[in-house]
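Protein chains: 2
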Amino acid sequence: MEKLPADLLALISYLKKLPGVGIRTAERFAFEFLGWPKEDLEAFSELLKNAPEKVPSCPICGCLTDRTKCSFCESGARDTEQLCIISSPRDVFAIEATRCYRGLYHVIEHLLSPLDGRHASMLRLDRIEDRIEKHPIREVIIAFDSTLEGDTTALFLKKHLIARPELKVSRLAFGLPVGSSLEYIDGGTLTRALAGRQIF
Amino acid sequence: MEKLPADLLALISYLKKLPGVGIRTAERFAFEFLGWPKEDLEAFSELLKNAPEKVPSCPICGCLTDRTKCSFCESGARDTEQLCIISSPRDVFAIEATRCYRGLYHVIEHLLSPLDGRHASMLRLDRIEDRIEKHPIREVIIAFDSTLEGDTTALFLKKHLIARPELKVSRLAFGLPVGSSLEYIDGGTLTRALAGRQIF
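The listed protein sequences derive, respectively, from chains A and B. Note that numbering that gives the first Met the number 0 numbers the first sequence so that position 21 is 20, with each residue one more than the last. Note that numbering that gives the first Met the number 0 numbers the second sequence so that position 52 is 51, with each residue one more than the last.
What the hints contain is simulated information worked out from the structure, not anything from laboratory work.
Heads up, simulated SDA-like pairs for lysine to any residue below, C-alpha to C-alpha not over 20 Å straight-line:
id, chain 1, residue 1, chain 2, residue 2
1, B, K15, A, G19
2, A, K157, A, D129
3, B, K37, A, A9
4, A, K2, B, G102
5, A, K2, B, D90
6, A, K158, A, I131
7, A, K157, A, L147
8, B, K53, B, S70
9, B, K167, B, E138
10, A, K15, B, E38
11, B, K158, B, A119
12, A, K16, B, G21
13, A, K16, B, L33
14, A, K15, B, R27
Computed from the model, here is a short list of chain A residues facing chain B with C-beta under 10 Å:
id, residue
15, P4
16, T24
17, P88
18, E108
Since the structure is predicted, the reported quantities are computational estimates derived from the model, not experimental observations. Idealized CB from N, CA, C, for every residue including glycine.
Work the whole structure out from these sequences, hints included.
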């Protein structure tokens with residue numbers, strides 16, 4: 000037996016789909032799983048299988064929830080004049096942790112990436128429009144990753160939303176990470192930090 | 000909702016058990032799983048749950064197999080005078096890939112690590128004895144990782160096997176990795192390479 004058993008190979012091919020996991024790490028994970036106690040494996044695979052039902056997305060904003068409507072959409076305490084557009088329900092937790100934003104959220108599940116088959120139609124712009132109609136939104140804050148896909152999607156959204164002159168469209172600032180040293184900052188970041196300099 | 004849903008937290012706590020996976024990576028994996036198509040999640044969790052049955056260990060040598068007896072124990076072509084003791088069924092594949100070893104294998108599932116609750120009784124020395132009795136073994140090759148646990152377990156095994164003077168007990172050589180440059184070799188490796196120098 001110089002080749003791994005078929006079921007193990009199948010397991011490895013799934014694990015390889017996780018972000019940052021190559022063939023070596025996937026193999027390591029698969030062998031690790033084989034060593035887990037049977038009850039742990041069962042509990043874990045049960046959680047996995049049921050994750051989409053047990054941790055559904057809010058039908059309105061797309062944030063994770065464990066109820067029918069998420070706490071942001073339910074809460075009367077959020078500022079309904081601001082709408083923050085993010086690309087993953089995960090980003091909500093990072094933004095909430097800052098305690099600096101009290102507005103609403105809207106998750107578009109994919110950033111534009113035509114090569115990976117993620118086209119403009121998948122952004123569901125109609126749902127964003129719906130939310131802008133329903134709430135007295137005055138500012139849309141675009142909070143995407145600083146990547147090619149994030150930049151492209153932000154530009155696309157801006158072009159779409161510019162049709163509403165009453166709406167302020169903003170994007171997260173680019174610049175020095177807090178605590179960083181100029182010596183280690185890449186040129187792109189420093190250029191954006193210079194261009195976006197603030198009166199002090 | 001500033002905390003993750005309970006099911007997602009449970010999923011993350013399982014993922015954190017994988018080697019080299021911290022809280023951030025576990026979270027990233029969990030959110031990635033949430034985005035997988037339902038059928039992929041089901042197939043993957045099914046594979047996981049059934050892995051111990053579908054990819055069992057050979058009851059004799061402990062290597063992975065997909066039949067009742069593994070190909071090493073079944074094969075008549077293996078050299079029954081050599082027994083290679085390894086600490087994980089995974090290591091078989093690395094050793095077989097060298098095409099330099101044709102003997103038998105024996106997997107001890109744990110290296111000694113008293114702090115982690117892995118004691119000498121878990122090495123199942125009786126099973127190693129059984130195999131030495133059953134085959135005309137003349138050499139036991141210890142092929143453990145070069146770690147504190149690997150060294151400890153190798154010493155322990157050696158002390159145990161020394162009671163059989165007819166048996167040669169060897170361990171994988173330590174020295175320079177092939178293709179390495181002396182400049183980057185750590186002191187410990189260089190010391191072992193010097194001590195184990197060969198007539199040239």
